[in-house]
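J.: The task is simple: from the sequences and hints, build the whole structure.
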Amino acid sequence: MSTELPLIGDYSTPTTQLSGARIGVVTFPGTLDDRDAARAVRAAGAEAVSLWHADTDLQDVDAVVIPGGFSYGDYLRAGAISRFAPMMDKIVDAANSEAKLPVLGICNGFQILTESHLLPGSMIKNDHLKFLCRDQLLRVENNQTAWTNGYEAGQEITIVLKNQDGQYVADEKTLDMLEAENRVAFSYVGWNPNGSRRSIAGITNEAGNVVGLMPHPEHAIEAGFGPDHRGTDGLTFFTSVLTHLVGGKK
Amino acid sequence: MSLEATKEFNIDTVENAAATPKVELPWAELGLKDNEFAEIVKILGRRPTAAELAMYSVMWSEHCSYKSTKNHLRQFGQKVTPEMKKDLMVGMGENAGVTNLGDGWAVTFKIESHNSPSFVEPHQGAATGIGGIVRDIISMGARPIAVMDPLRFGAIDHPDSQRVVHGVVSGIGSYGNSLGLPNIGGETVFDPIYQGNPLVNALAVGALRHEDLRLANASGVGNKVVLFGARTGGDGIGGASVLASESFDDTKPSKRPAVQVGDPFAEKVLIECCLELFKASLVEGIQDLGAAGISCATSELAANGDGGMNVELTSVLLRDPTLTPGEILMSESQERMMAVVTPDNVKAFEAVMDKYAVEYSWLGEVTDDNRLTITWNGEVIVDVDPSTVAVDGPEYDRPYARPQWQDALQADTFKASDAGKNLPATGDEIKAAVLELIASPNMCDKSWITRQYDRYVGGNTALSSPDDAGVVRIDEETGLGVAIATDANGRYTYLDPYLGAQLALAESYRNVATSGAIPIAVSDCLNYGSPEDPDVMWQLAEGIRGLSDACQVLGVPVTGGNVSLYNQTGTTAIHPTPVVATLGKLDDVARRTPSGWREDADGQAIYLIGKTFDELDGSEFANLRGHLGGLPPKVDLDVEKELGEILINASRDGMIDAAHDLSEGGLAAALSEMVLRYGVGARVALDDIKKRDGLDSFTTLFSESQSRAVVAVPRSEEVRFNDMTSARGVTVARLGIVDAQSKSLEVQGEFTVSVEDLREAHEGTMIKYFG
Chain A
1 MSTELPLIGD
11 YSTPTTQLSG
21 ARIGVVTFPG
31 TLDDRDAARA
41 VRAAGAEAVS
51 LWHADTDLQD
61 VDAVVIPGGF
71 SYGDYLRAGA
81 ISRFAPMMDK
91 IVDAANSEAK
101 LPVLGICNGF
111 QILTESHLLP
121 GSMIKNDHLK
131 FLCRDQLLRV
141 ENNQTAWTNG
151 YEAGQEITIV
161 LKNQDGQYVA
171 DEKTLDMLEA
181 ENRVAFSYVG
191 WNPNGSRRSI
201 AGITNEAGNV
211 VGLMPHPEHA
221 IEAGFGPDHR
231 GTDGLTFFTS
241 VLTHLVGGKK
Chain L
1 MSLEATKEFN
11 IDTVENAAAT
21 PKVELPWAEL
31 GLKDNEFAEI
41 VKILGRRPTA
51 AELAMYSVMW
61 SEHCSYKSTK
71 NHLRQFGQKV
81 TPEMKKDLMV
91 GMGENAGVTN
101 LGDGWAVTFK
111 IESHNSPSFV
121 EPHQGAATGI
131 GGIVRDIISM
141 GARPIAVMDP
151 LRFGAIDHPD
161 SQRVVHGVVS
171 GIGSYGNSLG
181 LPNIGGETVF
191 DPIYQGNPLV
201 NALAVGALRH
211 EDLRLANASG
221 VGNKVVLFGA
231 RTGGDGIGGA
241 SVLASESFDD
251 TKPSKRPAVQ
261 VGDPFAEKVL
271 IECCLELFKA
281 SLVEGIQDLG
291 AAGISCATSE
301 LAANGDGGMN
311 VELTSVLLRD
321 PTLTPGEILM
331 SESQERMMAV
341 VTPDNVKAFE
351 AVMDKYAVEY
361 SWLGEVTDDN
371 RLTITWNGEV
381 IVDVDPSTVA
391 VDGPEYDRPY
401 ARPQWQDALQ
411 ADTFKASDAG
421 KNLPATGDEI
431 KAAVLELIAS
441 PNMCDKSWIT
451 RQYDRYVGGN
461 TALSSPDDAG
471 VVRIDEETGL
481 GVAIATDANG
491 RYTYLDPYLG
501 AQLALAESYR
511 NVATSGAIPI
521 AVSDCLNYGS
531 PEDPDVMWQL
541 AEGIRGLSDA
551 CQVLGVPVTG
561 GNVSLYNQTG
571 TTAIHPTPVV
581 ATLGKLDDVA
591 RRTPSGWRED
601 ADGQAIYLIG
611 KTFDELDGSE
621 FANLRGHLGG
631 LPPKVDLDVE
641 KELGEILINA
651 SRDGMIDAAH
661 DLSEGGLAAA
671 LSEMVLRYGV
681 GARVALDDIK
691 KRDGLDSFTT
701 LFSESQSRAV
711 VAVPRSEEVR
721 FNDMTSARGV
731 TVARLGIVDA
741 QSKSLEVQGE
751 FTVSVEDLRE
761 AHEGTMIKYF
771 G
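Residue numbers (our numbering), protein chains in the order written: chain A, 1 to 250; chain L, 1 to 771.
It is worth saying that the hints were derived from the structure and are not from the lab.
Just to be clear, a hint being listed does not mean it is correct.
Unchecked claim - Which stretches of chain A does chain L cover? Using the computed rule of at least three CB atoms under 8 Å from a CB of chain L, they are:
| hint | segment |
| --- | --- |
| 1 | 35-45 |
| 2 | 59-72 |
| 3 | 122-135 |
| 4 | 205-219 |
| 5 | 225-234 |
To be verified - Capping the alpha-carbon separation at 27 Å, the derived lysine-lysine pairs in BS3-like fashion look like this:
| hint | chain 1 | residue 1 | chain 2 | residue 2 |
| --- | --- | --- | --- | --- |
| 6 | A | Lys-130 | L | Lys-768 |
| 7 | L | Lys-634 | L | Lys-415 |
| 8 | L | Lys-224 | L | Lys-347 |
| 9 | A | Lys-125 | L | Lys-768 |
| 10 | A | Lys-90 | L | Lys-355 |
| 11 | L | Lys-634 | L | Lys-690 |
| 12 | L | Lys-634 | L | Lys-611 |
| 13 | L | Lys-22 | L | Lys-42 |
| 14 | L | Lys-224 | L | Lys-355 |
On a predicted model such as this, the values are computed, not experimentally measured, just so you know.
Backbone N, C-alpha and C define an ideal beta-carbon position, used for all residues, glycine too.
T.: Right under this line is the structure:
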C-alpha cells in the first residue's frame, strides 16, 4: 500500500519497502490521543490502522501504538481495566512472540503496558498532585530500541508532557536492574516534573521492542501544533519504528 | 423538597388533581411566584399535578425561561441585518448557534455560566459547567473541538479564594482533560466584588459538516423517544430553579444537593457514541439534558416538533430507585441525552449503544395530539401543551432606572481623586509601576491555571493562552480553522453599562483580529445581579442595548448565549459582567499571528497602531490604587473595524510576525507580555507618541485607550505596511525594534528592565498564593 505523504527521516533502505508499513492504534473507552497517534503514524509515512479494544483481530499490523487518554476514566488505577481488553491479550502475545511486535505505550498507554506486565513498575499521582501540561525536555538514554533508533544517544528532545498520574515508581531492585541493563529509554532533564524515581520518563523491555513513556511524542510531529521550540522532535519515534521494521540499523 | 411527603403525593395523577383542587402545593418552595402559579392553574384549567408543578417550576425559572430578559434580548434578533445573517445556519434559541465556514464546514459555539454551582461546590460546579456546554455542542451534530473558561474570583488573598480557585481549576481540568478537548484560553480576573459570586463561564466550540446538522425537535408520529447515557440520580434537583435563580443568603440551608456531580468518562463515551449515531444518520432529533433535565428535554423536543409526545416515566433508568416522579423530571444528572429515532433505526441505534456500552431506555413515542403526556405505570401524571412549558413561559417587563449614584460615580475621575495624586513620573517610578502592574492579580501570568489544562490534545491547537485568541484547525487538508477570544471588563461596565458591553465586544473582536482571523459570530454570557433591583435591571437593559448596537456596527451576529442573574450577595450585586466571545475564521491557521516575537525576529520593527488618549478611569492602574470612578475608555467601532482589517490583511499578506492587542494595562502590559512570550527583548521610544497625542510617559504607557495593537513588522515589509496603513488613514507610530541580544525591555529615556526581572514579577504571583 502506498501513501501520498512524503516520508521523513533517514532510512537505510529504499522507501518502497517502507510504504507498506501498517501501524495499529488502539482505542479504549476514554482514549483521547488516538487521532493524534494516527496522525503521527501517517506523518512518518506509514498507514494507521484503527484497533478497537473489544476486537481480537490485530489485522496483521507491523507495530502497535497504545495512545494516551483516561481509559475507563482512570477511576481505578490508571490502565488497570484496559489491560483486560481482548485486544490487549493479542498485543501481549505478539509482543512476547518470536516476531517481537513493536509496541509503543504513551502516557495512559504506558500505564496499560505496566499493568499488562510488558514493562515493569507503575505510575502514581504526580508528586504535586496536579495535572501538568508543559513542553518537556527529555534525554534519550537508549537509542537501540525499535522506537528510538533514529535518535542520537544522549540527544535532548522537547515533547509534550500532560498527565495526572505520571510519577514512575518501582522497587529499588527493579530500578537498579533497569539502569544496569540500559532499559531506561528516556529521562527528564532539568526539573523532574512529577517525582518519578530516578527521573525516569520512559523505559523499554529487554528485547527493545516494547517502549513506554509518559510524555507524548505524537504531539510534537508538526511545526506550529506542538511545543513552542523545536516542535517536531517526536516524529523520530515513528520513523524509528519504520527503520526497525525493514531491519535497518542506524 | 417536600414532593416526597406522602405516597399519595408521588402518584398525583391528572385525574386526582382534577378531583382534589384544594390540595396545598409547594409552589413557592419551588421558586414560583403567586401570579405564575395562578397562570399555571389557568392554563391547565385545574391545579397542576406534583409532576406538572415540578416541570413548570424549573422551566419557568429565570435560568430556563429568560423571563426577565426576553423582552430585551429580542434586540439581538431585531438588529441583525441580512448581511450579518448570510453565514448563519442556526441562530439563537437552539442549543447553540451554527455558522457556515465554507467548504461544507460549519462551526458551532456557545458560552454559558455555571456560577452558582461553582460557588457552592467549586470542583463539581466547574466540571459540570464544561460537561453541559459540551453536550450543547454535540446536540447540534458537531464534534466538540475545544473549550475555554473565563473566570472571575474574589480577592486573590481572601481565604475563601483558596477553596474556590483550587476547586474550579481542578474541576475544569479534570473534566475537560478527560474529554480530550484542548483548553485554548479564557480569562482570570480577581476582584472582591466576586467574593460571594464567582463567575465560572464555560465555552465550547464544535465543528461539523453541513449534512450532519441536527436540531432538537421531535417529529414523525410513531417515532421512538430514547434516553441514553448516565442513569438519572438525585443530584442537581432544582439546580436551575433554586440555585441559579435566587441570591445566596446565609440564612438558608446549604444547597449542596442541588449541585450536579460529573462523570467525564461517561461524557467522553457519549461524545463518541453520538458522533457515530450522526454519521450513520440514526437520530431524527436530539437534545442534551442540562438544566431542568427530563422536563426540559421532553417539553422542548415536543414543542419544537410537529406533534406531541408520550413518555412512560417508570422506564427511566435510575441510580436511586426511591426518586419520585417530580424528582426524576427535575433531576439534573449529567451525561444524558434524549433522541428521537424512527422504528426502522431502533436496532441499529441499539447496536451503537452496545458497542460503546452506553445504557439506554425507550421512554415513549411521538404522537399527533400536540400534547406532552407523561405516565407513571400507565397512569397519566402530566398532560400539558408542551409550548406552555417550554416556550410561552412568563415574561416580565421589569422596572429599571438609571441609579441615582451613577452620576456621582462617573464624575469621580482617577486623576482628580486622591488616589490619582503623585503618579509615577521618573523612569525609576515608571519601571516600578510596570513591575507592579504585571505582577498584579489580574495582569500576572496565569500559567499556574493553564498548565493544569491539556492544550495539545487533538493536535490542532495553533494558538492558546497566553496568546490573544485560541486558534484551532478544523480541516487538516486546507488548514481551515477558527479563532476565539472571550472578554469582559466588569469595572468598565459598572462605570457605563452601555459602553462597557460594547468594550467587551470590541476587545474580543480585536483579539480575534489580532490572531489574524476574520470575526464572524458572537456568543455572550450576561452575568448580572438581581433583575428585581431596578439599578441592576438598568445595567442589564443598557448592556443588551449596547452589545446589540455594537454587533450591528461590527457586522457580527450574536448566535446564542446565556443570561446569569441573581449574582449578588445580599443587596450587593456583582459588577455587571457581560462576557463576550467572538469567533473568527482563518482560511489557513498556519497564518495565525502569535502575541510575541521570537529570536529570529531580531531587528524587526515594532509599531503601535491607533491613537492613545488620557484614559485611566477604570484602568488596571487605577484599580491598583484602589480607585473606581469616571468614564471607561471611548469606543469607536468604526476605528475598531478598521484596525481589525489591518491586522487581518497584514497577517494574510505576511506583513507582521507578531501582534498583541492593547487592553487592560495598556501599552506597558502589551510590551511586557510580548517580550515575555518567548523571552526576547526590545528597544522602544515613546517620544513620537507622546508628542503626537499630547501625553506624558506614564499616561502613554498605562492608558487603556481602545482600538490599539502593537505589531512586529519584518524590515522587508515595512514599506508595504506603511503604505497600507497610510492608504487607510490609520494612525501608526514606529516604537522601536526587537532586540534579541539585549535580554531586556528598554524604554529609551525612561527605564530598562531585564527579561528576568519581568518574568520573576509576572510569574511569581499565582504561585505565591496558590502554590
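J.: Name the hints, by number, that the structure is in violation of.
T.: The structure conflicts with no hint, since it agrees with every one listed earlier.
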